[in-house]
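Visitor: Modelling step: build the complete structure from the supplied sequences, incorporating the hints.
Protein chains: 2
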Amino acid sequence: MTRYLLLAEGFSADAHYGKTMRGVLRYRREDVAAILDSTRATGDTEDGVPVVQTLEQAMQHEPDTALVGVATQGGRFPPAWIELLRQCIEHGLDIENGLHVFLADDPEVAALAAEHGVELRDLRKPPHDLSTATGANMSVPATIVLTVGSDCAIGKMTVALELDREARARGVRSQFVPTGQTGIAIAGWGIAVDAVVADFIAGAAERLVVEGAARGGELLWVEGQGSLVNPVYSGVTLGLFHGSAPHLLVLCHESGRDEIEGCGGGPHPIPSLRDLVELHERLALPARPAKVVAVALNTRRLDEHDARAAVAAAEAETGLPADDPVRFGAGRLVDAVLAGKG
Amino acid sequence: MTRYLLLAEGFSADAHYGKTMRGVLRYRREDVAAILDSTRATGDTEDGVPVVQTLEQAMQHEPDTALVGVATQGGRFPPAWIELLRQCIEHGLDIENGLHVFLADDPEVAALAAEHGVELRDLRKPPHDLSTATGANMSVPATIVLTVGSDCAIGKMTVALELDREARARGVRSQFVPTGQTGIAIAGWGIAVDAVVADFIAGAAERLVVEGAARGGELLWVEGQGSLVNPVYSGVTLGLFHGSAPHLLVLCHESGRDEIEGCGGGPHPIPSLRDLVELHERLALPARPAKVVAVALNTRRLDEHDARAAVAAAEAETGLPADDPVRFGAGRLVDAVLAGKG
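Residue numbers (our numbering), protein chains in the order written: chain A, -7 to 334; chain B, -7 to 334.
Hints are not guaranteed to be accurate.
It does not matter which identical chain is used: a pair holds within one copy or between any two.
With a straight-line Cα cutoff of 25 Å, these simulated DMTMM-like cross-link-like pairs (lysine to aspartate or glutamate) come out [stated by the list, open to error]: (1) Lys283 to Asp327; (2) Lys117 to Asp86; (3) Lys283 to Asp267; (4) Lys117 to Asp97; (5) Lys283 to Glu309; (6) Lys117 to Glu1; (7) Lys117 to Asp98; (8) Lys283 to Glu273; (9) Lys283 to Glu270.
None of these hints come from the bench; they were simulated from the model.
Guide: The following block contains the structure:
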C-alpha cells in the first residue's frame, strides 16, 4: 500500500494550486504519510495528517512515494523543485508527478532514479498509442454521466467522486472515470485528457469510458475538465464531452462565482444556470442527446442558511434537482441520476 | 525558391487524403516540380504538373524538397513510407512532413539526414514553448475572421485562402493565418493546432493571431479546423475558436453532405445551416461576441445550375450572403466580411 509524501511547497493553502494534494487528502487520506511545506508552521496538521517543513522530518513518517501536489496553469516545474525531487529520489522515494513536464524526460533525474532503484510515474503522460475516436464510445454497455461546469476548479471531480461513492453504497456497479492528474492519483488509472495531442482528446475520452465499463462499471461518472465557457480550456471540455458520449450531465457551479477565474482578456462573465443547461444540451450530438439531470452547487463561500437558499434558487431556476453533495450529502443528486438513467 | 516533389503514393486521387498535395498544387503550383505516385499512369499530369512513378523519374525534374502529401486520420506513417523517405534523403532532398509522427524523432532517419546534409522539417511539430492562452488574443490590433464548418474536409482552409487573396487584391492588409499542416506548407509559417497538447490549443491559436497581426495583417483569416459537430475533432475546433477570438465567422458547408463523414458511431446528421449559425454564435464568449457574416458553399458535387440554386437557398435560409468562392469568385463573401468589419 502506497504511503504518500505530498510535496505542497508554498501551495498547501491555495484552492487552485493545491488541487491534487487536496484530492488525495480527501479520497486517499489513509495513504498519506505527511505533507511537505516549509511555509507552514511546525506542528500544523491538515485534517490530522502531519505537515512538516523539511524532507528529513518527512522521512520520519516513512513515506515511500513523493507526489507532486501542485497543479500550475500550464503545469511546468519551477526550477527549484528539481532539487527537491532529486533529494526525494536520493531518499529512496518513488515519484508521482502530475505536471505537463515529464520527469522521465529529464535525463539527469531519470538517471538518478535508475541509480537509486526508484520509479518515476508521470501521471499526465499519455499512452503512446492514442488515436482518434472510433465510435466505440457509442457502444459502451453502461450509462455514462459527465460532470460539466461553469468554470474550472469548482468541483467537477469532487462531485463525480462523491456521487460514485454514494452509488456504490447503494449497491450500484458504479465507476469513477479519471480524466485528470488528480483523479488518476486518486483512482490509480486513467488518462489526463488535457495532456494528450489535441486530435486525440476524444479518442482518449472514448478509451476511458470503454475501460470504465471493462472495469465493471454499469454507471460511469466521468470527471469533467474545464468549461465550455472558459476560453483557456474549452477545447479540452468539448473533446471530452463528445469523446465520452454521456447520456446524462450533472452541471456543477460554485455559488457566488460570476466570472471565469484566472483567465486573461476578460472579464468573462459566467452565464446563468439555465443558459448553461441549454448550452450543454445544445452541444450534445444527435446520435447521443445528453440531458442535464441535476445541478451540483459548491457552496463553500456561503454559510449554511445561504447555501440552502442557493440550492433552492438553483432548483427554481432550472427546474432540476440541486444540492451541494459535499455539504449536504450526495443522495438527492444520485436519486436524480438514477431516475434519469431509467 | 523551394522545388517540391509531392509524395502522394496511392493517394493522389483521394479528396480527403490528398489535402496537403492539393493545397500546395493549388496555392504554390509554381513551386511544385513533380508528383510521385506509382499507381498513376505514365504521362499523367495534375494541372500541368508531371506525375511520375519512380523517384528516379522524379529527380529528372530537379526537386529539392520532398513533401509528405498524405494526411491520414490520426496521421501515422505507413511503414513502407520510411523506405521511400530514406531514398529521398539519399537523393539529397530535404523533407517536409505533415504527419503527427515526427521524422526528427526517428534516430535512423535523423542520422541519415545529418549524413546527407539535408533538413527534416516536421510541419506539425509544435513550438516547444507553448502554454495556455493569456488573453492577448483580445488585444490583437486586427479584425479576425475564422472559417468554421459543418464538417472536416469541406474547404475551410480554401475559403480562407481565397478570401485572403481577394482582400489583398483590393489593397487590404490581409493575412491568412495557418492552423494546419497544409496551410503551413502553403504559407510557410503557422502552428498545427491539432498537434499541440490539448491544454495549449487556445494558447497556440492566440499566438497565431498575434503573429498574423505582427506580420502586418489588419484583417486576419484564420483557417478553421474540424467542426463543432464532428465528434472526433470538435475539441480542436472549440479551442481554436476561443483562442483565436474572432470577430467574424464565415460558415462553410459542402452542398449535399447531410452526415458527418469518416466518423464511427453514427450516423451523425449535420444540422441545418440556420442551426449551425446559431450554434456558433451561441458559443462565442460574451467578451468577444462573434457573428456569422457569410456562408461559403462548396458546390463541387453539383452542376452549375444546381450550384446557383444551392447558393440562393442558403441565402434564403440564413439571411446571409452566400457563394461558392472557388467556383464563382470570392467577391461577394469578401464584400460581406468587409461590411461586417465596419
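Visitor: Of all the hints numbered above, which does this structure not satisfy? Sort the numbers upward.
Guide: Of the numbered hints, all hold.
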